[in-house]
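S.K.: Line order of the protein sequences matches chains B and L.
Sequential numbering from 2 applies to the first sequence in the numbering used here.
Sequential numbering from 2 applies to the second sequence in the numbering used here.
Note that these hints are calculated values from the structure, not bench results.
Treat the numbers as computed from the prediction; the structure is a model and nothing was measured.
Heads up, some of the hints might be wrong.
For chains that are exact copies, the list does not tell them apart, and a pair is met inside one copy or across any two.
Calculated cross-link-like contacts (lysine to aspartate or glutamate; reagent style DMTMM-like; alpha-carbon spacing at most 25 angstroms) [to be verified]:
| id | residue 1 | residue 2 |
| --- | --- | --- |
| 1 | K170 | E321 |
| 2 | K102 | D274 |
| 3 | K244 | E123 |
| 4 | K470 | D497 |
| 5 | K102 | D502 |
| 6 | K170 | D23 |
| 7 | K102 | E326 |
| 8 | K102 | D497 |
| 9 | K477 | D466 |
| 10 | K102 | D444 |
| 11 | K6 | D23 |
| 12 | K477 | D99 |
| 13 | K170 | E473 |
| 14 | K244 | D502 |
| 15 | K244 | E473 |
| 16 | K6 | D368 |
| 17 | K470 | E337 |
| 18 | K244 | E39 |
| 19 | K170 | D108 |
| 20 | K244 | E371 |
| 21 | K477 | D172 |
| 22 | K470 | E123 |
| 23 | K170 | E237 |
Protein chains: 2
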Amino acid sequence: MLTLKRIAIDTHRESIAYLSRDCPLYRAEEFLALAKVEVTAREDRGSGPGNGPGSGLRLPAVLNIVDDPHLLGANELGLSEEAFRLFGQPEGMPVWIDHPKPVESLDCVRAKIQGRVLSQAEYNAVIRDVAARRYSKMEIAAFLVGCASFMTAAEVLSLTRAMANVGHKLDWDHRPVVDKHCIGGIPGNRTSMIVVPIVIAHGLTIPKTSSRAITSPAGTADTMEVLARVDIGTDEMRAIVEKTGGCLIWGGRVNLSPADDVLITVERPLGIDTREQMVASILSKKVTAGARHLVLDIPVGPTAKVRSRADAVRLRKLFEYVAGELGLPIEIVITEGLEPIGRGIGPILEARDVLAVLRNEPGAPADLRERALLLAGQLIEADPAVRGGQGMRRARELLQSGAALRAMERLIEAQGPSSLALVPGPLGYDVPAPQDGVVQSIDCLRMARIARLAGAPAFKGAGLDLFRKTGETVRKGEPLYRIHAGLQSDLGFAADLAGRDNGYVIAAT
Amino acid sequence: MLTLKRIAIDTHRESIAYLSRDCPLYRAEEFLALAKVEVTAREDRGSGPGNGPGSGLRLPAVLNIVDDPHLLGANELGLSEEAFRLFGQPEGMPVWIDHPKPVESLDCVRAKIQGRVLSQAEYNAVIRDVAARRYSKMEIAAFLVGCASFMTAAEVLSLTRAMANVGHKLDWDHRPVVDKHCIGGIPGNRTSMIVVPIVIAHGLTIPKTSSRAITSPAGTADTMEVLARVDIGTDEMRAIVEKTGGCLIWGGRVNLSPADDVLITVERPLGIDTREQMVASILSKKVTAGARHLVLDIPVGPTAKVRSRADAVRLRKLFEYVAGELGLPIEIVITEGLEPIGRGIGPILEARDVLAVLRNEPGAPADLRERALLLAGQLIEADPAVRGGQGMRRARELLQSGAALRAMERLIEAQGPSSLALVPGPLGYDVPAPQDGVVQSIDCLRMARIARLAGAPAFKGAGLDLFRKTGETVRKGEPLYRIHAGLQSDLGFAADLAGRDNGYVIAAT
Numbered sequence: 002m003l004t005l006k007r008i009a010i011d012t013h014r015e016s017i018a019y020l021s022r023d024c025p026l027y028r029a030e031e032f033l034a035l036a037k038v039e040v041t042a043r044e045d046r047g048s049g050p051g052n053g054p055g056s057g058l059r060l061p062a063v064l065n066i067v068d069d070p071h072l073l074g075a076n077e078l079g080l081s082e083e084a085f086r087l088f089g090q091p092e093g094m095p096v097w098i099d100h101p102k103p104v105e106s107l108d109c110v111r112a113k114i115q116g117r118v119l120s121q122a123e124y125n126a127v128i129r130d131v132a133a134r135r136y137s138k139m140e141i142a143a144f145l146v147g148c149a150s151f152m153t154a155a156e157v158l159s160l161t162r163a164m165a166n167v168g169h170k171l172d173w174d175h176r177p178v179v180d181k182h183c184i185g186g187i188p189g190n191r192t193s194m195i196v197v198p199i200v201i202a203h204g205l206t207i208p209k210t211s212s213r214a215i216t217s218p219a220g221t222a223d224t225m226e227v228l229a230r231v232d233i234g235t236d237e238m239r240a241i242v243e244k245t246g247g248c249l250i251w252g253g254r255v256n257l258s259p260a261d262d263v264l265i266t267v268e269r270p271l272g273i274d275t276r277e278q279m280v281a282s283i284l285s286k287k288v289t290a291g292a293r294h295l296v297l298d299i300p301v302g303p304t305a306k307v308r309s310r311a312d313a314v315r316l317r318k319l320f321e322y323v324a325g326e327l328g329l330p331i332e333i334v335i336t337e338g339l340e341p342i343g344r345g346i347g348p349i350l351e352a353r354d355v356l357a358v359l360r361n362e363p364g365a366p367a368d369l370r371e372r373a374l375l376l377a378g379q380l381i382e383a384d385p386a387v388r389g390g391q392g393m394r395r396a397r398e399l400l401q402s403g404a405a406l407r408a409m410e411r412l413i414e415a416q417g418p419s420s421l422a423l424v425p426g427p428l429g430y431d432v433p434a435p436q437d438g439v440v441q442s443i444d445c446l447r448m449a450r451i452a453r454l455a456g457a458p459a460f461k462g463a464g465l466d467l468f469r470k471t472g473e474t475v476r477k478g479e480p481l482y483r484i485h486a487g488l489q490s491d492l493g494f495a496a497d498l499a500g501r502d503n504g505y506v507i508a509a510t
Numbered sequence: 002m003l004t005l006k007r008i009a010i011d012t013h014r015e016s017i018a019y020l021s022r023d024c025p026l027y028r029a030e031e032f033l034a035l036a037k038v039e040v041t042a043r044e045d046r047g048s049g050p051g052n053g054p055g056s057g058l059r060l061p062a063v064l065n066i067v068d069d070p071h072l073l074g075a076n077e078l079g080l081s082e083e084a085f086r087l088f089g090q091p092e093g094m095p096v097w098i099d100h101p102k103p104v105e106s107l108d109c110v111r112a113k114i115q116g117r118v119l120s121q122a123e124y125n126a127v128i129r130d131v132a133a134r135r136y137s138k139m140e141i142a143a144f145l146v147g148c149a150s151f152m153t154a155a156e157v158l159s160l161t162r163a164m165a166n167v168g169h170k171l172d173w174d175h176r177p178v179v180d181k182h183c184i185g186g187i188p189g190n191r192t193s194m195i196v197v198p199i200v201i202a203h204g205l206t207i208p209k210t211s212s213r214a215i216t217s218p219a220g221t222a223d224t225m226e227v228l229a230r231v232d233i234g235t236d237e238m239r240a241i242v243e244k245t246g247g248c249l250i251w252g253g254r255v256n257l258s259p260a261d262d263v264l265i266t267v268e269r270p271l272g273i274d275t276r277e278q279m280v281a282s283i284l285s286k287k288v289t290a291g292a293r294h295l296v297l298d299i300p301v302g303p304t305a306k307v308r309s310r311a312d313a314v315r316l317r318k319l320f321e322y323v324a325g326e327l328g329l330p331i332e333i334v335i336t337e338g339l340e341p342i343g344r345g346i347g348p349i350l351e352a353r354d355v356l357a358v359l360r361n362e363p364g365a366p367a368d369l370r371e372r373a374l375l376l377a378g379q380l381i382e383a384d385p386a387v388r389g390g391q392g393m394r395r396a397r398e399l400l401q402s403g404a405a406l407r408a409m410e411r412l413i414e415a416q417g418p419s420s421l422a423l424v425p426g427p428l429g430y431d432v433p434a435p436q437d438g439v440v441q442s443i444d445c446l447r448m449a450r451i452a453r454l455a456g457a458p459a460f461k462g463a464g465l466d467l468f469r470k471t472g473e474t475v476r477k478g479e480p481l482y483r484i485h486a487g488l489q490s491d492l493g494f495a496a497d498l499a500g501r502d503n504g505y506v507i508a509a510t
């Protein structure tokens with residue numbers, strides 16, 4: 002018998018067990034080849050292998066071998082931080098390790114790899130085990146890649162249902178709860194921060210959670226954080242929504258789709274980004290968030306996530322089918338994704354644009370305002386009291402009257418205002434137009450990459466400020482955009498990249 | 002800048018970098034979401050991202066975050082044992098971390114996932130990066146599962162070539178070098194330990210490497226270890242082969258297929274066992290081992306790896322095509338796999354059977370002897386001096402004359418004799434026949450599982466001793482086989498499993 006020890010290593014949603022190579026009780030190499038062990042608290046150990054499932058408290062974990070007695074004694078078993086928490090036993094507890102009982106749902110994964118269509122029950126089993134951290138990352142990769150080769154629409158529905166089932170479901174009394182979502186990929190597209198206050202001002206409930214940037218220069222959570230606290234858990238979220246009618250918070254502490262939180266730790270680094278996983282991920286979260294009406298924005302453009310209108314229509318139909326079967330009314334808006342939205346890219350620069358729209362400033366970016374009004378209008382039409390076709394007009398009234406701005410101020414107050422000054426990065430570099438002409442397009446991916454190099458989102462003031470958008474004329478040598486940074490080295494990296502390709506296509510007039 | 006520290010954790014062929022959550026230089030969470038970082042020694046760092054490949058010394062690694070200052074300081078970067086060795090820099094060295102430069106060959110993996118046929122150059126790129134530990138385990142899983150959906154025969158050839166190219170190639174002067182291999186799955190099938198001495202006695206060279214058991218009760222390396230040392234590296238292997246004409250060693254320290262050594266750390270735990278990976282794994286090793294003639298044993302049976310003769314023929318053709326294109330003459334022998342071979346299952350019990358055959362003892366298992374002679378005969382026919390069809394007769398002569406036994410004794414002497422007593426586990430339990438009748442079949446998987454539970458291969462004397470084989474009559478209550486174990490608890494587990502299903506099918510006469 003070994004004694005349990007917490008190892009203060011965060012292995013990012015994978016359970017790791019640490020065993021000393023000098024452990025006298027187990028031949029470490031034997032377990033190592035199988036990669037996984039099963040950790041059992043003593044009282045729960047059955048009379049031996051083959052005896053069916055035990056009474057609980059069995060944790061599958063990937064095994065690492067320790068060669069340093071200061072880190073782990075020969076008679077100790079270490080668990081990484083999250084694994085220790087999942088296992089739920091105190092340090093010093095007697096534990097055993099065993100060859101792992103096979104995670105039975107892995108048979109479903111193998112069947113999928115061999116080309117079979119899986120049932121609802123099979124997706125339920127896989128997703129339950131994924132959410133319970135029973136899968137190692139390589140097993141998750143096997144599942145995702147197996148699904149990537151093909152999935153029927155019915156399978157996407159099953160996957161979505163399974164993911165929603167393991168989520169922490171939010172229920173909202175009385176009021177109609179709506180939600181909006183954009184599939185992403187367009188820098189500066191911070192419509193949520195305008196749509197949510199408008200919708201709240203109209204009297205609908207919109208408990209909006211957003212992500213932080215992973216590979217983009219800012220997520221809505223990063224930009225909202227410039228104005229208010231966003232790192233908020235379920236109970237506080239509920240209080241804020243009850244008080245104000247909505248919220249604009251980071252989704253990381255609201256347990257809407259725990260399986261998705263795990264799957265994404267493998268999807269992101271692998272760069273697996275299938276339509277099927279996207280639909281299941283988004284809709285499972287909206288279902289558990291309690292939404293009764295969803296507006297979804299799919300931008301289409303040569304450098305957007307969806308490259309052609311035909312692809313957008315296929316994606317739309319899949320969203321409509323799954324949402325329909327789940328009983329979630331959905332409106333899909335296919336929008337232009339030819340260039341970034343607004344002028345700013347990066348948390349502070351985007352927050353500046355959002356506030357300019359909410360304050361009806363004369364220089365506020367019209368594309369950001371009009372897109373937000375379009376989406377807010379669609380949501381407002383979910384209100385039976387609004388005449389068909391009048392949603393966008395009502396949204397514009399709420400914006401122009403200052404009602405939306407006041408709703409935003411209430412939101413900020415409820416979430417906790419930030420003390421951050423709205424000042425862009427102090428170092429600047431203007432990227433000049435290489436020729437006279439009219440801007441034809443702006444590369445979204447390129448702009449995101451330059452803004453990342455400039456330091457966004459880690460440095461809130463870093464990013465880009467666009468002086469020209471498509472259709473506008475420019476003369477050779479005039480600045481196309483300004484790079485803002487906090488560090489000279491970041492500015493140098495970003496300027497170098499812009500120097501090789503500034504992301505603008507300019508046609509001679 | 003961080004200072005390098007070795008962390009004494011063995012992460013089994015995956016490079017892990019450890020960073021303190023309190024590190025003032027990097028926002029750990031930002032890297033964590035991407036799962037991977039790139040570790041760079043300071044002098045090799047280019048002038049920044051986007052500047053193309055640096056001058057070397059860049060190690061991609063999976064990131065773990067450390068919350069214990071005793072384990073890792075805020076300004077230190079830890080590397081797991083193998084990663085530290087691969088990186089090759091001393092502790093205290095200044096290092097940087099970066100967002101990883103994308104491992105470019107992962108684009109090939111994504112293309113494979115999307116259903117494309119990959120070229121030789123693409124397989125070369127993937128396998129080079131796999132062997133260099135540039136892939137995390139989830140990336141390896143993505144590659145394997147992507148390949149599992151389909152691979153053309155030409156792709157299997159490309160994969161095999163790529164795997165052989167990164168191996169440490171052995172060259173042998175003068176003599177004809179032969180090799181044999183069995184795809185496995187049949188307990189007790191220790192023909193190599195008889196074939197190798199016969200072939201050596203004939204004067205051919207056979208540098209045989211074998212695996213240890215992973216999920217079976219014994220690999221050839223485990224059984225040979227009962228008689229001699231098998232944990233032998235390349236230089237010593239070469240000396241032994243030069244001296245005796247062959248060897249029977251564990252392949253783990255001979256670097257024949259480093260990519261396979263990595264792939265298998267994911268294949269095994271995932272239970273992905275495709276024909277294509279099998280062919281590439283086996284043939285890449287045989288090519289780098291310098292074999293000029295290969296005999297391959299494919300057992301077919303209801304509980305063997307290959308279940309039908311049709312499957313065996315498909316597998317045979319794939320082996321023949323790839324080996325043919327590689328210029329490696331191959332003879333494939335499809336054998337019966339209806340039951341275990343020999344009487345013993347487990348290292349010591351199998352070694353006893355092997356010695357009984359080599360010593361021409363009257364009770365020696367005939368099935369083991371005849372199968373070994375068949376395979377040895379095929380190999381001997383690779384000698385141009387042997388008349389066609391006379392190989393098996395020659396093999397029998399070498400066995401019966403004691404020449405093979407003397408060759409085995411020379412091998413044992415050269416590798417280093419073991420001091421282990423050839424005594425089966427002291428605890429025994431006889432599994433009785435539940436009825437009168439004739440044995441129809443014996444379940445290979447069941448026998449393997451019972452023998453594993455009894456303690457094989459970790460406890461060398463543990464395993465099964467079969468008293469009845471197919472075609473033999475038995476009376477109710479007579480023992481079918483004896484379970485040997487070293488611990489009472491192991492004996493209990495194994496006897497329990499045998500009690501639920503003893504693995505024998507017995508038909509009433």
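S.K.: Next step is simple, just say for each hint if it's right about the structure.
M.R.: How the hints compare with the structure:
no.: 1; hint: K170 with E321; verdict: within (22 angstroms within a copy, 57 angstroms between copies)
no.: 2; hint: K102 with D274; verdict: between (31 angstroms within a copy, 19 angstroms between copies)
no.: 3; hint: K244 with E123; verdict: neither (41 angstroms within a copy, 58 angstroms between copies)
no.: 4; hint: K470 with D497; verdict: within (22 angstroms within a copy, 76 angstroms between copies)
no.: 5; hint: K102 with D502; verdict: between (54 angstroms within a copy, 19 angstroms between copies)
no.: 6; hint: K170 with D23; verdict: neither (46 angstroms within a copy, 34 angstroms between copies)
no.: 7; hint: K102 with E326; verdict: neither (36 angstroms within a copy, 42 angstroms between copies)
no.: 8; hint: K102 with D497; verdict: between (54 angstroms within a copy, 17 angstroms between copies)
no.: 9; hint: K477 with D466; verdict: within (18 angstroms within a copy, 88 angstroms between copies)
no.: 10; hint: K102 with D444; verdict: between (50 angstroms within a copy, 21 angstroms between copies)
no.: 11; hint: K6 with D23; verdict: both (16 angstroms within a copy, 22 angstroms between copies)
no.: 12; hint: K477 with D99; verdict: neither (71 angstroms within a copy, 36 angstroms between copies)
no.: 13; hint: K170 with E473; verdict: neither (47 angstroms within a copy, 63 angstroms between copies)
no.: 14; hint: K244 with D502; verdict: neither (48 angstroms within a copy, 64 angstroms between copies)
no.: 15; hint: K244 with E473; verdict: neither (44 angstroms within a copy, 82 angstroms between copies)
no.: 16; hint: K6 with D368; verdict: neither (56 angstroms within a copy, 51 angstroms between copies)
no.: 17; hint: K470 with E337; verdict: within (14 angstroms within a copy, 74 angstroms between copies)
no.: 18; hint: K244 with E39; verdict: neither (46 angstroms within a copy, 46 angstroms between copies)
no.: 19; hint: K170 with D108; verdict: neither (29 angstroms within a copy, 38 angstroms between copies)
no.: 20; hint: K244 with E371; verdict: neither (28 angstroms within a copy, 84 angstroms between copies)
no.: 21; hint: K477 with D172; verdict: neither (57 angstroms within a copy, 65 angstroms between copies)
no.: 22; hint: K470 with E123; verdict: neither (49 angstroms within a copy, 40 angstroms between copies)
no.: 23; hint: K170 with E237; verdict: within (15 angstroms within a copy, 64 angstroms between copies)
In summary, the structure is inconsistent with hints 3, 6, 7, 12, 13, 14, 15, 16, 18, 19, 20, 21, 22 from the numbered list given earlier, while agreeing with the others.
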